[in-house]
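Undergrad: Residue-level listing of the chains:
There are 2 protein chains.
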Amino acid sequence: MKKSILSTIDAPKDLKVLSRTELKQLCGEIRETLIRRLSATGGHVGSNLAMVEITVALHTIFDSPRDQIVFDVSHQCYTHKMLTGRRTAYDDPGRYASVSGFTNPAESEHDLFAIGHTSTAIGLATGLAKARDVKGERNNVIAIVGDGALSGGEAFEGLNTAAVLGSNLIILINDNDMSIAENHGGLYRNLRLLRVTNGRVECNLFRALGFDYRFVSDGNDMDAVLDALIRVKDVDHPVVVHLCTVKGKGYGPAEEDREKWHYMGPFDVSTGKQLYTPEPVETYELLTRDFLSDQMKKDRTVVAVTAGTPKIFGFDEPLRRQFPDQFIDVGIAEAQAVSMVSGIAKSGGKPVFGVSCAFLPRACDQLLQELALNKSPAVILVFFAGISEGSQTHMGIFDIPLTIHLPHLICLAPTCKEEYLRMLTWGLEQTEAPVIIRVPGVAVVSRGAELMPSYRLPAKYEIAKRGSLVAILALGKLFALGEQVRCHLEERTGMAATLINPRYMTGFDTDVLEHLKCAHRLIVTLEDGVIDGGFGERIARYYGSSDMKVLSYGAEKAFVDHVPVREQCERYRLTAEQIVDDVLNIVGL
Amino acid sequence: MKKSILSTIDAPKDLKVLSRTELKQLCGEIRETLIRRLSATGGHVGSNLAMVEITVALHTIFDSPRDQIVFDVSHQCYTHKMLTGRRTAYDDPGRYASVSGFTNPAESEHDLFAIGHTSTAIGLATGLAKARDVKGERNNVIAIVGDGALSGGEAFEGLNTAAVLGSNLIILINDNDMSIAENHGGLYRNLRLLRVTNGRVECNLFRALGFDYRFVSDGNDMDAVLDALIRVKDVDHPVVVHLCTVKGKGYGPAEEDREKWHYMGPFDVSTGKQLYTPEPVETYELLTRDFLSDQMKKDRTVVAVTAGTPKIFGFDEPLRRQFPDQFIDVGIAEAQAVSMVSGIAKSGGKPVFGVSCAFLPRACDQLLQELALNKSPAVILVFFAGISEGSQTHMGIFDIPLTIHLPHLICLAPTCKEEYLRMLTWGLEQTEAPVIIRVPGVAVVSRGAELMPSYRLPAKYEIAKRGSLVAILALGKLFALGEQVRCHLEERTGMAATLINPRYMTGFDTDVLEHLKCAHRLIVTLEDGVIDGGFGERIARYYGSSDMKVLSYGAEKAFVDHVPVREQCERYRLTAEQIVDDVLNIVGL
Chain V
1 MKKSILSTID APKDLKVLSR TELKQLCGEI RETLIRRLSA TGGHVGSNLA MVEITVALHT
61 IFDSPRDQIV FDVSHQCYTH KMLTGRRTAY DDPGRYASVS GFTNPAESEH DLFAIGHTST
121 AIGLATGLAK ARDVKGERNN VIAIVGDGAL SGGEAFEGLN TAAVLGSNLI ILINDNDMSI
181 AENHGGLYRN LRLLRVTNGR VECNLFRALG FDYRFVSDGN DMDAVLDALI RVKDVDHPVV
241 VHLCTVKGKG YGPAEEDREK WHYMGPFDVS TGKQLYTPEP VETYELLTRD FLSDQMKKDR
301 TVVAVTAGTP KIFGFDEPLR RQFPDQFIDV GIAEAQAVSM VSGIAKSGGK PVFGVSCAFL
361 PRACDQLLQE LALNKSPAVI LVFFAGISEG SQTHMGIFDI PLTIHLPHLI CLAPTCKEEY
421 LRMLTWGLEQ TEAPVIIRVP GVAVVSRGAE LMPSYRLPAK YEIAKRGSLV AILALGKLFA
481 LGEQVRCHLE ERTGMAATLI NPRYMTGFDT DVLEHLKCAH RLIVTLEDGV IDGGFGERIA
541 RYYGSSDMKV LSYGAEKAFV DHVPVREQCE RYRLTAEQIV DDVLNIVGL
Chain L
1 MKKSILSTID APKDLKVLSR TELKQLCGEI RETLIRRLSA TGGHVGSNLA MVEITVALHT
61 IFDSPRDQIV FDVSHQCYTH KMLTGRRTAY DDPGRYASVS GFTNPAESEH DLFAIGHTST
121 AIGLATGLAK ARDVKGERNN VIAIVGDGAL SGGEAFEGLN TAAVLGSNLI ILINDNDMSI
181 AENHGGLYRN LRLLRVTNGR VECNLFRALG FDYRFVSDGN DMDAVLDALI RVKDVDHPVV
241 VHLCTVKGKG YGPAEEDREK WHYMGPFDVS TGKQLYTPEP VETYELLTRD FLSDQMKKDR
301 TVVAVTAGTP KIFGFDEPLR RQFPDQFIDV GIAEAQAVSM VSGIAKSGGK PVFGVSCAFL
361 PRACDQLLQE LALNKSPAVI LVFFAGISEG SQTHMGIFDI PLTIHLPHLI CLAPTCKEEY
421 LRMLTWGLEQ TEAPVIIRVP GVAVVSRGAE LMPSYRLPAK YEIAKRGSLV AILALGKLFA
481 LGEQVRCHLE ERTGMAATLI NPRYMTGFDT DVLEHLKCAH RLIVTLEDGV IDGGFGERIA
541 RYYGSSDMKV LSYGAEKAFV DHVPVREQCE RYRLTAEQIV DDVLNIVGL
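Heads up: the sequence lines are chains V and L, in that order.
To convert, note that position 336 of the first sequence is 336 in the working numbering; the numbers rise steadily by one, no gaps.
To convert, note that position 366 of the second sequence is 366 in the working numbering; the numbers rise steadily by one, no gaps.
I should point out that these hints are in silico values taken from the structure, not numbers from a laboratory.
Misleading hints may appear alongside valid ones.
All copies of an identical chain are treated as equivalent in the list; a pair is satisfied when it fits inside any one copy or across any two copies.
[Said to hold, decoys possible] Straight-line Cα separation of at most 20 Å, EDC-like style, residue types lysine to aspartate or glutamate; simulated pairs: (1) Lys135 - Glu429; (2) Lys517 - Glu570; (3) Lys273 - Glu29; (4) Lys311 - Asp582; (5) Lys16 - Glu255; (6) Lys135 - Glu462; (7) Lys375 - Glu109; (8) Lys3 - Asp325; (9) Lys517 - Asp547; (10) Lys517 - Glu109.
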C-alpha cells in the first residue's frame, strides 16, 4: 500500500516541498482521518471539515510559529494540530486523548493562546501585530474568524482597531454561512450580498471599515485558497480575505444538517447515525423548553432570548419557527442579549435570557448597568453552572462572584425540578427586580422542596432537616451532597445535623442565621462554584464576629482542563467523607 | 422685557404650538441658559451644546413618553431635561442641584433608564421595540447615539440586531466627530467619508448592515433636523439618521478646544477660563504619566493603551503625539483593550492598560479568558476605585469581586506613591502573570511603605505596626483609616493593635495569618469597595473554622447617587470612631 502523504507531515516545513497535486491529495487524507477520528471521539465536525484546505494552505504559504496564526474560538483547529506535530492524536486511536479540542500553548509552540470563546482572535491579533511593530520585527499576523463570531461586539471592536493599525494584519473570514445555528443580524445580509456578487457589491462592511478586501468564492478549492494567501503574504497593511466554505464539507450527513453536525458525539460513518443516542431522560433543557413554549403560547409578551445557543433551553429549529416574534437570537452577543431583555422588561414584556455559565462574564457590565441599576424585571437562566469535566475555556464555576455582589439582583439556586419551575414562574410573574436562576445541573432531580409563593428579598431559607451542633447550608445542586454529609455524620456519630436549602445566593435569612446560634457551633457551606468571592465567604463574614465557626467548601480558584468531576471534588474536599472528617476534627466528636 | 419662550415650556406638549421661528428662538434661549448654568456648576459642555436643536426637534415632532427616547451615555440630556418639566434645574440657580447629569427614571417619566455608560442605547431600544411589538402597540422608539459610542462592541451588537427587527426603530447618530478625545478606528473613516460626500458614498457602514439611511449635513440647523425627523416618524422599519453637529456649538471656547470642553468645571463665560484652577498638586494621574512616558522613552516595547479615556493616566494630546507607535486608543472598547494587551504581552511587549474602575466590568470575560487563562503578563491600572461622591452609574466599588476570584491574576492594592511605583515597575519587568494595580485614589500619599523586589505570589503582607489582641488589615487607600483606628484604640484603651498592609487583594499570606492567631483575638478588615465578594470575606473564610473573630468593613451593596463620601462612610460604619466602638464591643475592653 502506498504510504499516505499525511504520515510524512511532522511539522509545517514538510508541507513546503509538496506539489499542489500532493497538497490536494493531503486534504483528502486529512478529511478521511478527521471523519474516522470524529466518528470515534465526537467533536466539532462541521467547522473542521470546512477548514481543511484553508489550514493546509496557511501552513504551506506561511511560516508558523514565526508567522503568528490565531484561531477564533479555536474549535476548528484540528487540521492545524495535525500539521503541527500532533498528527498521531488524530490517526492513532490510542492517542486520541492526547490533545484537547482547542488551541493550547501547553501542547505546541504553534498554539499561541488557549482560546475557547468567540470573537477574540482579531483583538489578540492586533496585540501580536503591535508587539511585532514595536519590536521592529516583520512576521505575518493572521487571525481566522468564522462568520458566526462576527456578531460578537468584541470582534467588531477588534476590526475597528485592526483597520487603522497601519501594518501587516491578515484577517481570514471563514464564511460557512452558519453560526452554531443559523446566523442572525444585519451583518449577515451583507455577507450574503458579498457571496452573491462574488465580493463585488460596492456596499461592503469590511471596506466601509477601511480594510483592503479580497474574496474567494470557494474556500474549499485548494488552488484558489493558495493563490489568495500568496497574494496577501507580507502585505504592509490590514487585509480581510473573505473565503466561502461549506460547513461539514466532504461528509454528506454533515453538509445536510449543519446545525446538528456543529458538534456531534461518536457516530457511524456510513449512516451518519449517532452511536450512543442518549436515553430520553428528563433534562432541565427540555423542562425549560416545555415550560417556556407553554407560557409563550398563553402570553404573547413572553419573549425567549438567546445569544447564539438556542438549544441550551431546547429551542430547536421547529420550535424557533413556531415563535417568530417571541424568540430572538441576537447572535453571539451576550451584552446585547442582557441589554435587550432589560429594555423588554422595562417596557412591560416578560423576557427570559438563557445563557451558558461560561459566557455570562461577557455581559457583566450590562448586568450591573442596564439590568441591576434599572431594576428591570427580566429573568436570566444560567445553564451548565458548576464543576464539570469540560474544557478550561468553558468552566461553569465563575458566575457566583460575578452576580452576588450586584445590588437589586435576586440570585436563586433551586435544588430540584419543582423548585426551579416555581422560581421561574415567579420570576416571570413579578415586576420588581431582575432574577437570575442558576439551573441545577443537566439531569433532573425531584425532591419535594418546600415551595414559596414569592422569592422576593429578604431571603428565606428552607430548613429541610432540623438538628443541632452542625448546620449544613447546601446551595442548589449541592443540596444532594448536603444530604449525604448529614447521613454520614449520623452514621458515624449518631448526631443529627441541621440541613438547610438556602434558595438564595444573595441576601441573608437573618432569622434563620441568628436562630442557628442557639444550638449550633459549626456551619458548613457547600457551593458548586469557585469559593473565592462566593456564597460561603458571605456566610463566613456574617458569622465573623460571633462564636459560630464556618467551614466553606467550593471549587478552587484554578483553570481545570478535562479532569473528571469526581477527581476535582476530591481535590477540593467536596466529598461527604472528607467533609465529615473536617467537621469531626472541629467539633471534636 | 419680553417673556422668554423657554419659561413657557413645562412639558413637551408646549413645544407643539410653536412656529419654526419660535423654535429657533427657543434654541437660542436654551443655549444661553445652558452656558450660564454650566459656567456655574460645570458639566458636559460640548455634547449638550451640540444637541440643542436635535432635542428640541425630537420633543416637537415625537410624543414622549408614549414615543420612547433613549439617550446613549445620557450625558447629553440637559436640553431634554429642560423640556420635560425640569426647566428650573437649569434656569434657577437655587435649583441647580435638583437633577443629576444623566437620565434618571426617578426624576421623570420621560427618562426611561438610568444610563451612564456608552454604547447601550441601541440595545435597550431594541428591547423597547420588541416589547412594543409583542404588546401590539405602535409608538416610535428612538435611540440617540454619539459617534464616539459607536466604537463600543455593544453598540455594534445592538445595530446588528436592530437592523433585522423589522419594525419601527429610529437611530439618531449625533456625529460631532469627537469621542472624549479624537476618535480612533476604521469606522471613523467611513463616518468622515459620509460627511464629505453628504451621505452619498456607496460604501456605507449602516447600509451594509441593512439600515435605511438618511443624512443631515447640519444637525444644528433646526429646519433640516425637523424635516428629517418628520420624514422618519412612524416608519415601519429600522432607520439610521446621521446628523452632523458641532461639539460645543454656539460657545466659542468650547468649539475651539473640543477635548478640553467635553467636561468642564465652573468657568468665566466671557473668557472661557476655568474659575477654580486646581492647585498643581501631585496626583496619581500625573505620577503615572511621568513614569510611563519615561519608560516608553527608554523602552520601545512599553505600550500604553486606553479605551477612549487617555487623560485618565495623563496622556493629553501633545503626549499622545509624542508616542504615535507606543500609545493606542482603541475607542470606547474595554474588551478590545484587554484582548489587545494580552496579545502584546504574549508576544514580548510590555503593555499597560489604564482604565476607570467603573468601566472594568466591560472586560470581565477578557480578563478571565484572554488574560488570566493565558497568563499574559500585561499590567492593568484601575483608576478612580473606591467610594466616591459621583453618579450611581460610575461607582468605583465593584471591581474587587470581579477580579479576585480569577486564577493567575495578581491583584495589588498599594497604599502610597512609593509602593504604587514599585508595583508598577515590577509589573512591567516581570513576564509571569497579569497584574492589576488598584490605584489608591487621586491625591498622592507618601508613607514610606516597605517595598519588595517582587510582588509575585504567594502574598506577603507588610506588618506596619506590631501589637496584640486586635489586628487591622487595611487595604490600599484605607491604610490611612487603619492608622486612625489604631490611634483611636490606643487613645481609648491604651491597647496597641497590629496594623497590616496586605498589599495583595489575591492570595493569603498564611505565615502572617497563622502567626496572628497567637496573640490576637480579632481581625478587622478595611476595603474601599463593596463588601460582598470582597477582600474581607476571604479573610473571614480563612479564619472561619478557627477561634479568631473577623470584622469586615467595606461599602454596602447598593447604588449610590451623589452622596458625600463622609456620609457614605458613616452609613457603612467605615469611620475610625464607629470601628473602634464595634471592636471594643467584641473584645470587651
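Undergrad: Check lysine 517 against glutamate 570 for me: Cα-Cα at most 20 Å, and say if that holds within a copy, between copies, both or neither.
TA: neither (30 Å within a copy, 28 Å between copies)
Undergrad: For the identical chains here, do lysine 135 and glutamate 462 meet the 20 Å Cα criterion within one copy, between copies, both, or neither?
TA: For lysine 135 and glutamate 462, the Cα distance exceeds 20 Å both inside one copy (61 Å) and across copies (37 Å).
Undergrad: Using 20 Å as the alpha-carbon threshold, which applies to lysine 273 and glutamate 29: within, between, both, or neither?
TA: neither (22 Å within a copy, 74 Å between copies)
Undergrad: Could you figure out if lysine 135 and glutamate 429 sit no more than 20 Å apart (CA to CA) within one copy, between two copies, both or neither?
TA: between (58 Å within a copy, 16 Å between copies)
Undergrad: Checking an output row: lysine 517 and aspartate 547, CA cutoff 20 Å. Within, between, both or neither?
TA: both (8 Å within a copy, 15 Å between copies)
Undergrad: Checking an output row: lysine 375 and glutamate 109, CA cutoff 20 Å. Within, between, both or neither?
TA: Intra 48 Å, inter 15 Å, cutoff 20 Å: inter-copy only.
Undergrad: From the Cα coordinates, with 20 Å as the cut-off, is the pair lysine 311 and aspartate 582 best called within, between, both, or neither?
TA: Neither. Shortest intra-copy (41 Å) and inter-copy (53 Å) distances fail the 20 Å Cα cut-off.
Undergrad: Could you place lysine 3 and aspartate 325 in one of the four classes (within, between, both, neither) given a Cα distance threshold of 20 Å?
TA: This pair counts as neither: shortest intra-copy Cα distance 56 Å, inter-copy 51 Å.
Undergrad: Is it within a copy, between copies, both, or neither that the alpha carbon of lysine 16 lies no farther than 20 Å from that of glutamate 255?
TA: neither (30 Å within a copy, 59 Å between copies)
Undergrad: Please work out whether the CA atoms of lysine 517 and glutamate 109 approach to 20 Å or closer within one copy, between two copies, in both situations, or in neither?
TA: neither (56 Å within a copy, 47 Å between copies)
Violated hints, listed in ascending order, are 2, 3, 4, 5, 6, 8 and 10; each of the other numbered hints is respected by the structure.
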